[in-house]
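Protein chains: 2
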Amino acid sequence: MVARPGAQAIVYNYRMSARGVAQQSRFNSRTGKVLLSLRELLLKGKFKPGERVSELQLAALAGASRTPIRQALDRLAHEGLVEETRTGRFLVREFTIADVWDGIEVRGVLEGTAARLAAERLSGPSELEPIRALQLRMDEIRHPTRDSFGAYIDLNESFHSALIDLAKSALLRRSIEHVKTLPFASPSALVFARTKLPNAAEMLVIGREQHHAILEAVERRQGTRAEALAREHAQLSRRNLETALADQAIRDIVPGGKLILPDAALTGTA
Amino acid sequence: MVARPGAQAIVYNYRMSARGVAQQSRFNSRTGKVLLSLRELLLKGKFKPGERVSELQLAALAGASRTPIRQALDRLAHEGLVEETRTGRFLVREFTIADVWDGIEVRGVLEGTAARLAAERLSGPSELEPIRALQLRMDEIRHPTRDSFGAYIDLNESFHSALIDLAKSALLRRSIEHVKTLPFASPSALVFARTKLPNAAEMLVIGREQHHAILEAVERRQGTRAEALAREHAQLSRRNLETALADQAIRDIVPGGKLILPDAALTGTA
DNA sequence: CCACCCTGAACTGCATACAGAATTCGCAGT
DNA sequence: ACTGCGAATTCTGTATGCAGTTCAGGGTGG
Numbered sequence: 000m001v002a003r004p005g006a007q008a009i010v011y012n013y014r015m016s017a018r019g020v021a022q023q024s025r026f027n028s029r030t031g032k033v034l035l036s037l038r039e040l041l042l043k044g045k046f047k048p049g050e051r052v053s054e055l056q057l058a059a060l061a062g063a064s065r066t067p068i069r070q071a072l073d074r075l076a077h078e079g080l081v082e083e084t085r086t087g088r089f090l091v092r093e094f095t096i097a098d099v100w101d102g103i104e105v106r107g108v109l110e111g112t113a114a115r116l117a118a119e120r121l122s123g124p125s126e127l128e129p130i131r132a133l134q135l136r137m138d139e140i141r142h143p144t145r146d147s148f149g150a151y152i153d154l155n156e157s158f159h160s161a162l163i164d165l166a167k168s169a170l171l172r173r174s175i176e177h178v179k180t181l182p183f184a185s186p187s188a189l190v191f192a193r194t195k196l197p198n199a200a201e202m203l204v205i206g207r208e209q210h211h212a213i214l215e216a217v218e219r220r221q222g223t224r225a226e227a228l229a230r231e232h233a234q235l236s237r238r239n240l241e242t243a244l245a246d247q248a249i250r251d252i253v254p255g256g257k258l259i260l261p262d263a264a265l266t267g268t269a
Numbered sequence: 000m001v002a003r004p005g006a007q008a009i010v011y012n013y014r015m016s017a018r019g020v021a022q023q024s025r026f027n028s029r030t031g032k033v034l035l036s037l038r039e040l041l042l043k044g045k046f047k048p049g050e051r052v053s054e055l056q057l058a059a060l061a062g063a064s065r066t067p068i069r070q071a072l073d074r075l076a077h078e079g080l081v082e083e084t085r086t087g088r089f090l091v092r093e094f095t096i097a098d099v100w101d102g103i104e105v106r107g108v109l110e111g112t113a114a115r116l117a118a119e120r121l122s123g124p125s126e127l128e129p130i131r132a133l134q135l136r137m138d139e140i141r142h143p144t145r146d147s148f149g150a151y152i153d154l155n156e157s158f159h160s161a162l163i164d165l166a167k168s169a170l171l172r173r174s175i176e177h178v179k180t181l182p183f184a185s186p187s188a189l190v191f192a193r194t195k196l197p198n199a200a201e202m203l204v205i206g207r208e209q210h211h212a213i214l215e216a217v218e219r220r221q222g223t224r225a226e227a228l229a230r231e232h233a234q235l236s237r238r239n240l241e242t243a244l245a246d247q248a249i250r251d252i253v254p255g256g257k258l259i260l261p262d263a264a265l266t267g268t269a
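Chains G and S supply the protein sequences, listed in that same order.
Numbering-wise (numbering that gives the first Met the number 0), the first sequence opens with residue 0 and increments by one.
Numbering-wise (numbering that gives the first Met the number 0), the second sequence opens with residue 0 and increments by one.
Because the hints were derived from the structure by calculation, they are not lab data.
Be aware that a few hints might be false.
Each pair may be met inside one copy or between any two copies, as identical chains are not told apart.
Stated by the list, open to error - Derived pair list, reagent style DSSO-like, types lysine-lysine, alpha-carbon separation capped at 30 Å:
#, residue 1, residue 2
1, LYS32, LYS47
2, LYS167, LYS47
3, LYS43, LYS167
4, LYS32, LYS43
5, LYS32, LYS45
Computed from a prediction, not measured in an experiment: that's the story for all the values here.
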């Protein structure tokens, strides 16, 4: 564990919660395994931002040949975690805090669109049943503990995914998935400092209320309202992340936190 | 030329206007060349939607080995023109008309965000000078001819790009580029049936007015207005495309048009 | 006639070899 | 010491071979 002994925080790595993701055939191959482990290494900050990662170096590290390594690097380049130079080398991408805020902003905009389309395209109340079920289960978690917190995050992911389902647009889903490949932009970049658990409880209440409001708006086909609410909902992640990134010790634990360049200001839009 | 002899239309392939794109180092390699030609083949409809494209088949076709082919296919899968099956095969992706509308919708939303951020982040009027220059040159083209039409499209691309610049967000740019990889979503999917040139002239006027309004809003830092205007501006592409796709003959010429499944209804949101 | 299984062909996943380009290091000159 | 140049070295781009898997087609049994 890289977590500093002193940094007491519940950090939920979004990767951990991916249910059986490693069992999907796409990740059974060497390429898939390399992709997963390489992504994890990057997010843990094993490579410094701007540092060069060579194929041979990784091949030795992963015990695979260059072929799958190259493919994995290609995908990571698409995801944005590394960047390819003109000469075909790969560098660890470095992010500014502004990038992080922008990522959340864009995700908010797209999820807002999902909420609006969901409202506009709702064929009937029965379509809401799956997402209502998820909501119910989330509501049952009133006081987050170490264990239930993980479950909450999973449910939160599912809720957001279900909302996107309601938008009935594969293309929109693709776009959202794309921005979420940047770890900070993911709604599961929820990070609560343990010492600020009361704060976390409040956030939970607020988030719950926002979920309710969004669904209400969707159900009533209030597209514009749903959009605005979903946008604002994303800002909640931003506030959480702001708290988290303010503490250098916590920042070092947040997935990808070490890829964020130290920046003087923590202002909203830089 | 695949254009049917009867179909009289000015179709401007967005790929043609990419200034010196083939000279960029990224496209000097076999992989790059294969990527370009393969994409072109796909957009021309040389493969049927849903059809399988094997590496060997393409290797023979392109006169290259499987390695660059595979890499190109991987990228096309990211772009969304082909899809990878669980077992690693690639299929030509097929689109519904709803996909097309959604693509434009999402682009509109993102460009709207770009316009809003441009307004919010504008540091001074001088920042608008480059985009004003582009606008001026576009305004000079009053009556589109075969030649000036191409120039107009180029300027239009540059204008949109400059607007995104003003948003000062690399991440937002990335997202927009990503949705634009679907050819229909590109603003340059402007297609005017020659027989409907008067219509085209009107569209030009409307588009011009919208550009003016957007810049005015940005200059006055009216973020919400700028966003709404830019969104609506994207709907103009949709209307153009709607006209184009309604005619089967023209549809066959539109880049990627053959990848769109024949669909009974041409309604806005399906 | 249909369903199922089995076998063979085709194809992908990965490793590796080779060639050419890029980078780095050292050396010489200033 | 510093700069510029050049050569060795490292690395990427591509081709190709092999192994394991998937897929298709035919044949068999129900």
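Now the hints, each set against the structure:
Taking identical chains as interchangeable, the C-alpha atoms of LYS32 and LYS47 lie at most 30 Å apart only when both belong to the same chain, with a minimum of 22 Å there against 33 Å between chains. Within a single copy, LYS167 and LYS47 get their C-alpha atoms only as close as 40 Å, which misses the 30 Å cut-off; across copies the closest is 25 Å, which meets it. Only between protomers do LYS43 and LYS167 lie at most 30 Å apart by alpha-carbon distance; the minimum there is 28 Å, versus 35 Å within a single protomer. In the homo-oligomer, the alpha carbons of LYS32 and LYS43 lie at most 30 Å apart inside one protomer (16 Å), although the nearest pairing across protomers, at 36 Å, exceeds that limit.
In this homomeric assembly, LYS32 and LYS45 come within 30 Å of each other (Cα to Cα) only inside a single copy, at 17 Å, whereas the closest approach across copies is 35 Å.
The structure shown violates none of the earlier numbered hints.
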